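Model the full assembly from the supplied sequences, consistent with the hints where possible.
If you read the sequences in order, they're chains L and F.
Heads up, the first sequence is in the UniProt record's numbering, so the first residue is 1 and it goes up one at a time.
Heads up, the second sequence is in the UniProt record's numbering, so the first residue is 1 and it goes up one at a time.
Note that these hints are calculated values from the structure, not bench results.
As the structure is a prediction and not an experimental result, all values here were calculated from the model.
C-beta: ideal position from N, C-alpha, C; glycine also.
Treat the hints with care, since some could be wrong.
[What the hints assert, rightly or not] Chain F stretches covered by chain L per the calculated footprint, using a threshold of three residues with CB under 8 Å from any CB of chain L:
(1) 28–41
(2) 61–68
(3) 101–114
2 protein chains.
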Amino acid sequence: MELLKQRIQKDGSVADGNIIKVDSFLNHQIDVSLLNEIGKEFKRRFASEKIDKILTIEASGIAIAVIAAQYFQVPVVFAKKSESKNLDVETYESNVYSYTKGKIYTIRVSKKYLKEGENILIIDDFLANGKAAQGLLDILKKAKCNLVGIGIVIEKGFQNGGKEIRKQNIKLESLAIIEKMNNGKIIFQ
Amino acid sequence: MELLKQRIQKDGSVADGNIIKVDSFLNHQIDVSLLNEIGKEFKRRFASEKIDKILTIEASGIAIAVIAAQYFQVPVVFAKKSESKNLDVETYESNVYSYTKGKIYTIRVSKKYLKEGENILIIDDFLANGKAAQGLLDILKKAKCNLVGIGIVIEKGFQNGGKEIRKQNIKLESLAIIEKMNNGKIIFQ
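Shown next, in the form of structure tokens:
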């Protein structure tokens, strides 16, 4: 997606430890008009699929998923990362290791909001090692939902999350795939 | 907001400890068309104000803020609750006690995304004791931003968060104010 790549080049930056900072428009401050273009592009790429619901994970996936959901006209469910008195006791769970946070955490979705046979599209902001995506796939398997595919805004092509997912014959659509980062310069595939 | 109150009556429920569960449409599973009506209503209530940016707090505030931002045509910034390698070192911070999680946590906004003199509208899903809102107000004060007002989807009128905020002469617009909960029944003001 050309507009997105241009924006990453213009406003993104590379931080220590292979981290791409896009927090001026994607995951801290949010440019909602860019998100609308991203939502339209996801709809274009999954236009032929039957989708009942979009699944994402808190926190930064939520903004992308709800804006995209307007084009699919389906509800969004987001997996929760922290325990809360608000959450149902009956949940599907999976354990996920986060490199950016440096710890394992449990993600949870109430059993009420994932029904057997539902057609689910996963949407998230980043795909790197793919741990969050694998956690969501694990939850969908437990819930016996049909996975339609995965839509990612930025994939780090030099890490193996995307490779692992494509190996499973899952339809993975990443709007910008970063091939490498050289001296602070971002190079796309 | 009548549509919202009807939806709370229809799909909301009361759980132990004065907790209102609206996770089938607002803060776990999300009805994006309802969020659009909520966004329009916030725009109507703050139509006369100059607003540069919407500030919210992760996680469930994000969905509401980004959908509402489409009607204001401004960017969203969300305060982060957890430490992350992605976050800038230079942040405005405040400590917030969460009753639903039973602990104190630090909320943070990068100094890059709140500039002195910017006109900020705060949007969040719930107002109960007002601890999260006070944390956001504290951050705006530190950043020397102008607070335009606060838009809340559901206010628990029987807790004192709203009272404390109105005492400070802040324009507070809550789309549904719950007066009390009686034997699992929700009664609006």
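Do the hints match the structure? See the list:
{"no.": "1", "hint": "28–41", "result": "holds (count 8)"}
{"no.": "2", "hint": "61–68", "result": "holds (count 4)"}
{"no.": "3", "hint": "101–114", "result": "holds (count 6)"}
Checked against the numbered hints above, the structure violates none of them.
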